[in-house]
Amino acid sequence: MNREGSFAEKIHTYVAMIPFGRVMTYGQLAALAGSPRAARQVGGVAHYGPEGLPWQRVVNKHGGMAAGFPGGPSAQAEMLVAEGVTLNAQQCLDIERLIWWPPEDSD
DNA sequence: GGGCTGACAGCCT
DNA sequence: GAGGCTGCCAGCC
13 MNREGSFAEK IHTYVAMIPF GRVMTYGQLA ALAGSPRAAR QVGGVAHYGP EGLPWQRVVN
73 KHGGMAAGFP GGPSAQAEML VAEGVTLNAQ QCLDIERLIW WPPEDSD
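Residues in the first sequence are numbered consecutively from 13, following my numbering.
Take these hints with a grain of salt, some might be off.
[Claimed, not checked] Ranges of calculated distance between the beta carbons of each label pair, as one might list FRET restraints:
hint : residue 1 : residue 2 : range
1    : Pro62     : Ala101    : 17 to 25 Å
2    : Gly33     : Asn72     : 12 to 20 Å
3    : Trp112    : Pro62     : 18 to 26 Å
Bear in mind the hints are in silico, worked out from the structure with no lab data behind them. No residue lacks a Cβ here, since even glycine has one placed at the ideal position from N, Cα and C.
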């Protein structure tokens, strides 16, 4: 996986691996890609990246919706709810419970 | 070809 | 304990 070498490629790979009804954070993806501080870039990769990936499963560390998600935060929230994810009145999810980490032996 | 922006997170003051 | 700045890297102008 990570032998791709490309930061964006890793992000794409991990996002595609997120199971149904689970989520990951920008910081997670950035760290897994090799740059724990590159959370911003994860947003950029997501925005300019392929649309075939479950970007709605990518949320910020507060468990909130992404800022520039197509259709707005409400659209992302709806997609997550459709997957069985429960959100509170603030459209925030239980990040500590729904967060997902990829298997270490995935490679 | 170079520089700026951008869907966030972590550390410092 | 809270607020503000820096860091990261791909894509677009």
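Taking the hints in turn, this is what the structure says about them:
{"no.": "1", "hint": "Pro62 - Ala101: 17 to 25 Å", "verdict": "violated, 33 Å"}
{"no.": "2", "hint": "Gly33 - Asn72: 12 to 20 Å", "verdict": "holds, 18 Å"}
{"no.": "3", "hint": "Trp112 - Pro62: 18 to 26 Å", "verdict": "holds, 20 Å"}
In this structure, only the earlier hint numbered 1 is contradicted, and the remaining ones agree with it.
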